[in-house]
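Produce the complete structure using the sequences and hints provided.
Going down the list, the protein sequences come from chains A and B. Heads up, the first sequence is in the working numbering, so the first residue is 921 and it goes up one at a time. Heads up, the second sequence is in the working numbering, so the first residue is 17 and it goes up one at a time.
Watch out, some of these pointers could steer you wrong.
Stated by the list, open to error - When the alpha-carbon atoms are kept at most 27 Å apart in a straight line, the in silico DSSO-like pairs for lysine-lysine are as follows: (1) A/Lys-983 / B/Lys-151; (2) B/Lys-400 / B/Lys-246; (3) A/Lys-936 / B/Lys-151.
Hints are computed from structural coordinates only; laboratory data are not their basis. On a predicted model such as this, the values are computed, not experimentally measured, just so you know.
Each chain is listed here by its residues.
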Amino acid sequence: MTEQSLQEEPLVVRGKLEIPYKQFVGSVASKFLIEIRDNKKIFGMRCPECNRVYVPSRSICPKCMCRMDEWVEVSDRGTVLTYTVVNYKEPTHPVEPPFVYGIIQLDGADTGIVHFIAGVDPEELKVGLRVQAVFKAERQGSMLDIKHFKPL
Amino acid sequence: MADRVGIVAVAQTKFDQKREEHLTETLVHVTKDVMGQTGLEFKDDGTGIDSTVVASQDYFGGPGGIHMHYAYTVGAYRRPDERVEEDGAFAVAYGAMQILSGHHDVVLVVGHIKESVCSKNQVENLGLDHIYGRKIGLDFVAAAGMQAMRYQHKYGITPEQCAKVVVKNRTNGKNNPLVMYANGITVEDVLKSEMVADPIRVQEAKPVPVDGAVAMILACEDKAKKLTNKPVWITGMGMCYDHHELGYRDLADCDSLVSAAQMAYKMAGIKEPAKELNLAEVSDHYAYQELLWSEGLGLCGKGEGGKLIDKGTTSMGGELPVNPSGGLLCGVPLIVAGMQRVAECVLQLRGEAGGRQVSGAKTALAHGVEGPAGQLHCVITLEK
Ligand SMILES: [Zn+2]
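Right under this line is the structure:
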């Protein structure tokens, strides 16, 4: 290899992986997402053994390994367990930075749901903040049908 | 069943951006190195390396097909060749299990990643489920931000204490010729650096992208003793998974690490890790994690990670140095991360750690982690 060719940019192969996929969300997530889409209501599942209410809902209690089939409506209001202000940009982000992710324990649930917190002053943002879900006007049966949580 | 598993050779690349080195060259480099140290070759008659276990991450293959490169490059085909799609510490444990189960006597374990191939954050978004987590664009940096916030809130861990981890590790790294990001950064510099995911600042996160590989050879006890006069023994191993749904656990506590550590300590007969271990190499993907993982490993009490760094216990010259190598904060690729912790422990126990040597080290702990906010952990204890 000559010195000249070594000074060139290294030869690279460029590509982009785009594999469209679709996957059944399952009967439990279907109900969870459909209630949000059609009724702006948030439901969790209660475990018959440990009594915990899981939001977002899943069919199996990860503590007891039993099937859950009792739907419980939880509040659209809750408490921020933790949060972070995201200051970097990625194509995976549905919103522009800076934005806030939080884990919110809804009243009536024993677990937290990860979502956006918006409409909040930086000084106001804290663990323990009371928030309420804001639903999108146009809803499609996705986690993004909740636009974000806003301070109460 | 074999008595003990010994690590008889380790090799590491420099950890930097290998833009002009094809992955196969990196793999040949570390593989030839450990083969040269032991004189072992790939054999199918029980006189050489019986099997290989390779840890990497398929999306960093360009993407896809990352695992096609290993066997053909180093001539390890037509033999058992397993893949681990998670942190390299798990690959070491699986390799050791192949020996403990009696299936193989000598196993070559490799971990490799070129982070420079594609976006780590986009790949890690795929580590969340496709219904809830992925849809909102979550990735491991944001998950770490929420964990750090929860940890600081629940236990009163301060930003200064987290920044001290960066200062300690970047200083330690000056004695490690293989890392690129060792420097004389101060607490003030760290706390002035750009906020990435509140409360995590850019200097508190593992530098990205970094490329590199680690290889090691594990052997059953009698072969280990013949292959080297400085075998390092795996005394304990423990692994534990937690739920990937961040809101299903309290992120300020790392229950799965507690379980993994207890499993390893039980196997090793370790009762008081803080007293019995001479050093630990802990996966500090983010500064707060060294403190939180130290709690999970039982190196201090719950919520006492901040005090641990304040007291200087984990500094070089302290009672229990943590990350004498400089840790991941000095720039080590993901996946390679946990295996490189093991490799550094091996060098320490062989007395070959150069300027970062912990004098008289007889026992060490290596820790690997994977998944959002420390979902799964692997703990390996070692002795000479
Ligand atoms: Zn249950």
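Legend entry - 27 Å Cα cutoff - pair A/Lys-983, B/Lys-151: Roughly 25 Å separates the two Cα atoms, so the pair holds.
Inset, instruction - Assess, step by step, whether the Cα of B/Lys-400 is no farther than 27 Å from the Cα of B/Lys-246, and give holds or violated. - result: With Cα atoms ~7 Å apart, B/Lys-400 and B/Lys-246 stay inside 27 Å; holds.
Legend entry - Satisfaction of hint between B/Lys-151 and A/Lys-936, Cα-Cα up to 27 Å: Given that 27 Å is the threshold and the Cα spacing comes to 20 Å, the pair holds.
When each numbered hint is compared with the structure, no violation occurs for any of them.
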